[in-house]
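Reconstruct the complex from the two isolated chains, following the hints.
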Amino acid sequence: MTPQEQQQQLETEVRQAVRYERGLAVKMLIALGAVALVVLLRLLVV
Amino acid sequence: MIVWKWILVAAVMAGAIPLVVASYQFLLIGWHFRRLHYARCTPYFPRTAILIPAWNEAAVLGASIDRLMRLEYPGDRLRVFVIDDASTDDTPRVVAAKAAEYPGSVVHLRREVGGQGKAHTLNHGLARILADDWTQAVLIMDSDVIYEPPSLRLMTRHLADPEVGAVTAYIKEGSRPGNYLTRFIGYEYITAQAAARRSQNVLGAIACLAGGAQLHSRANLEAIGGQIDTGTLAEDTITTLRTELRGAKVVFEPHAVVWAEEPDTITGLWKQRLRWARGNVQVSLLFRRIWFRPNRGHRLGSISFGLFWFSLLLQPVLMIMASGSLITLFFIDKSLAWQAFHALWITNLLTYVFITSFALLIDPPAGRRVWREAVMFPGAISLIIMLAAIAPVPLRFLAYHGLSHVGAYGAGGLAGGVELFTYVWLGGSMLVAYLAKVAEGRFAGRFTSPLLIYLAGYGSLLCVVTFAAFVKQLRGADVKWDKTEKTGKVAISA
Numbered sequence: 877m878t879p880q881e882q883q884q885q886l887e888t889e890v891r892q893a894v895r896y897e898r899g900l901a902v903k904m905l906i907a908l909g910a911v912a913l914v915v916l917l918r919l920l921v922v
Numbered sequence: 041m042i043v044w045k046w047i048l049v050a051a052v053m054a055g056a057i058p059l060v061v062a063s064y065q066f067l068l069i070g071w072h073f074r075r076l077h078y079a080r081c082t083p084y085f086p087r088t089a090i091l092i093p094a095w096n097e098a099a100v101l102g103a104s105i106d107r108l109m110r111l112e113y114p115g116d117r118l119r120v121f122v123i124d125d126a127s128t129d130d131t132p133r134v135v136a137a138k139a140a141e142y143p144g145s146v147v148h149l150r151r152e153v154g155g156q157g158k159a160h161t162l163n164h165g166l167a168r169i170l171a172d173d174w175t176q177a178v179l180i181m182d183s184d185v186i187y188e189p190p191s192l193r194l195m196t197r198h199l200a201d202p203e204v205g206a207v208t209a210y211i212k213e214g215s216r217p218g219n220y221l222t223r224f225i226g227y228e229y230i231t232a233q234a235a236a237r238r239s240q241n242v243l244g245a246i247a248c249l250a251g252g253a254q255l256h257s258r259a260n261l262e263a264i265g266g267q268i269d270t271g272t273l274a275e276d277t278i279t280t281l282r283t284e285l286r287g288a289k290v291v292f293e294p295h296a297v298v299w300a301e302e303p304d305t306i307t308g309l310w311k312q313r314l315r316w317a318r319g320n321v322q323v324s325l326l327f328r329r330i331w332f333r334p335n336r337g338h339r340l341g342s343i344s345f346g347l348f349w350f351s352l353l354l355q356p357v358l359m360i361m362a363s364g365s366l367i368t369l370f371f372i373d374k375s376l377a378w379q380a381f382h383a384l385w386i387t388n389l390l391t392y393v394f395i396t397s398f399a400l401l402i403d404p405p406a407g408r409r410v411w412r413e414a415v416m417f418p419g420a421i422s423l424i425i426m427l428a429a430i431a432p433v434p435l436r437f438l439a440y441h442g443l444s445h446v447g448a449y450g451a452g453g454l455a456g457g458v459e460l461f462t463y464v465w466l467g468g469s470m471l472v473a474y475l476a477k478v479a480e481g482r483f484a485g486r487f488t489s490p491l492l493i494y495l496a497g498y499g500s501l502l503c504v505v506t507f508a509a510f511v512k513q514l515r516g517a518d519v520k521w522d523k524t525e526k527t528g529k530v531a532i533s534a
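In order, the protein sequences belong to chains W and Y.
Quick note, in my numbering, the first sequence goes up one by one and the last residue is 922.
Quick note, in my numbering, the second sequence goes up one by one and the last residue is 534.
Chain Y with its partners taken away, still in its complex shape (with noise of 0.2 angstroms):
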């Protein structure tokens, strides 16, 4: 029996692993000064191809052109080729006039028919770049992707260096005036982009070119193969491993910033993250023989970056579990359960305060506009809990006059009920985020479903959708593309 219940407190412990590993993650930011790869680059200007796909982009192409013929960068070595692929709003139109108005340097190539996703179309343009020799390299972007002028020399001077086959950028949440989710977005993009990037700079392996900024040489897409991935819905992350996994380096440049219209609901949310979370659980089974497998020809082995990825892919069940444990310890052994719970809870309650506060100053300007939902992205529950958990004293002191007040101190049973609601919200709170989701677009969804994520948290969210994702990987589901819907927010002063 006691063995048996020191395996609940590992499984309730558990339950921390995706936080610690972030916080390893995020240490390892301190040693990016001493990662760079700047002392291998030189002013380069490669000829460079733009490649946009775009299917019913109209409401956001022009402004991503015009901004692209803003580049700091020599007009005669940059073309921009739109894959419009069988649009049917004005995206031909507006492509016409911009290749009417920038001459030899907008290009238009249609699919007559299209629908078949982003891969596809980005392959039809390739094999029209790749055909001739004037491409050195190959920009891959996203038709609402808002680049600021330096950004592309920022990104293309480190093709100067031959062993680097790919460059991604930082990617910032750019829709303005946005809305409590995108502030959300915006958070998770200092996290995710410019804390997460960093950290795998140091490894010398990242996971995945953000779609909306990869820079390729030419070199390395013919070595891949020159066409992207058209089986899975990861096909950037399947890019980036893949130039990895040949020995071609992979940089993250934290300084070239382009902005991006990040969506504004939770159903579009949902539908975006769910095809990325998807798109992951099929590079895992795919790459099952890179994990956890040190190698001298790449860093994709190394036991880090098996950590970085499965403690983000596995968070909702470990989540889960940690609940369960401690539910079944509730039952078993009280005292042993308080202390689990206690030492899970603090060990959430440090990270937390670890990587809020790093991420944070990490950008500045950033953490400025979205540090209520940088405070709040736990959820005002697991808030709670945390202090709770660290400060018990002042809390049960709040709660007696709290409860005193309206009577319901000592009443039969809530001390139990309070301490079983506590151990269940770890899982529990990725229903109620759910519920968000359910609620949006719904009677009083417009104030119940922001509350319910204040609640729960974000972070819950994306570990529902992740959940979502493994249910239907499970059961099979068809694989489809479901695009994101944009709508020109992305206002920046770049």
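Only chain W is shown next, with the shape it has when bound in the complex (with noise of 0.2 angstroms):
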């Protein structure tokens, strides 16, 4: 691979990862959904 080859493999994986990463904090948000959702349950059944 030449230098020119490496920097641009860098940058592909690099943005992947932080796409990856962008998308855990979604996640996070989905996670903390299903939370929510048990605590309206609760106020519900109760």
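Honestly, the hints are just simulated from the structure, not real lab data.
Any given hint could turn out to be false.
To be verified - Quick look at which bits of chain W chain Y covers, simulated, 3 or more residues with Cβ under 8 angstroms:
1) 879-890
2) 895-901
3) 904-915
Said to hold, decoys possible - Take a look, some chain Y residues computed to stay more than 12 angstroms from chain W by CB distance:
4) Met53
5) Glu203
6) Arg286
7) Phe327
8) Ile372
9) Gln379
10) Gly468
All figures in this text were calculated on a predicted structure; none of them were measured in a lab.
For each residue, glycine too, the CB sits at the ideal point set by N, CA and C.
Structure follows, in structure tokens:
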């Protein structure tokens, strides 16, 4: 691999990794939503 | 009396601290994308010496070396040093065969007198590789660990930043087909590796470079003395903390994935985790001057990091304390005990829902494999108690019909007995988990042991191991290196 190709590979992989890590922030909100759902059910049932 | 009652309530709620702190840790993951180290990375391929300490590892070494030779890394910048700790099996022959197959890339270093432990073995290798100037970086790994092809280059690119002293990877459980225990470990590694290490990246303080995947710059190893600590059972944690204490960064690279074989019996797991837990107790004492003392030079003294460290270490004590306080309250103020019980278990349920659902989303492929064990992590009985705490009416309805059917409803003392049982359970679950260890290997242990773990919870098993480590440390028991046996069960398509 030439240095240019290595740099391109790094940039592509970093872009993918950053996208994945941003996705985790959204997944955290989904998990918090699951908690909110449990609280809501509790309020409705009791 | 009122003051004592509230002290007891506080002690009950202390039982929720580990899960609340774990939830805080998981919340930090949402900020991980803002703390990534990639801006300071460049394509960087230092001359890397890979150190594999080996004592009777013939079953796994060959495959591990083959995988290392297939890494996406320039072949002339990679050397594998197998430090054979006086193995008595086929290890020397396997290494000799690999040295012949990959001339110049695989080196066999033999200690004729061994058995002193991993740290001594590593130091034998380090003395050799730091003696010449070929080595620019050192990767310390275990003989069973399988590296995915891009993993090493994903790690070395962080060393392009001279402020970084060491890098670690995401270790995943790789035994196939595996069993219930390896699946529990698989889930545990999502939480302890993929999740916890990300939040530690956010904090800027990593608790431990995984023993199977620790990459050091040469400068870092030399700065911490060029040797691995031999005085404790937690040599990898000591190396990590010393690196951070000297002001160097330690980075967790979550996309560099390596696979490890983990114990598939409780006896094997007990041996491994007792060593880890005892090592952590030793580290806590050894570094007692850094905890909860914020420092400009490093982040190990931050309040958050201290909470992460001690909430896990003290979990068994907190569980026993919560149970004991609930039982005491039961006898002096039943109504208050009932309210404290509800507050504790509802907190536990909410944190459990958050942690479990988020963990399964962090690593979906692993999550699909281990989701049952993720759900059962606290154990069936704790799950029922959590449901009873959050929805007592429907559960009471079910209990009424169920017990009436067998004619037991209204039996004298039954309700009080059930209530007391639920109060005891937080601490008592550890006893049941211990029974699972005792049952293994005895009559019908193949069935009763997993059954007891699914009832008591894998979490309780880990807690009772930590408790046993405290007992051993207090008794001043011998510090000896009990090696975990590896049989070559890692089967991944990397």
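Comparing the hints with the structure gives:
no.: 1; hint: 879-890; in the structure: holds (count 7)
no.: 2; hint: 895-901; in the structure: holds (count 5)
no.: 3; hint: 904-915; in the structure: holds (count 9)
no.: 4; hint: Met53; in the structure: 18 angstroms, holds
no.: 5; hint: Glu203; in the structure: 18 angstroms, holds
no.: 6; hint: Arg286; in the structure: 28 angstroms, holds
no.: 7; hint: Phe327; in the structure: 30 angstroms, holds
no.: 8; hint: Ile372; in the structure: 27 angstroms, holds
no.: 9; hint: Gln379; in the structure: 14 angstroms, holds
no.: 10; hint: Gly468; in the structure: 25 angstroms, holds
Checked against the numbered hints given earlier, the structure satisfies every one of them.
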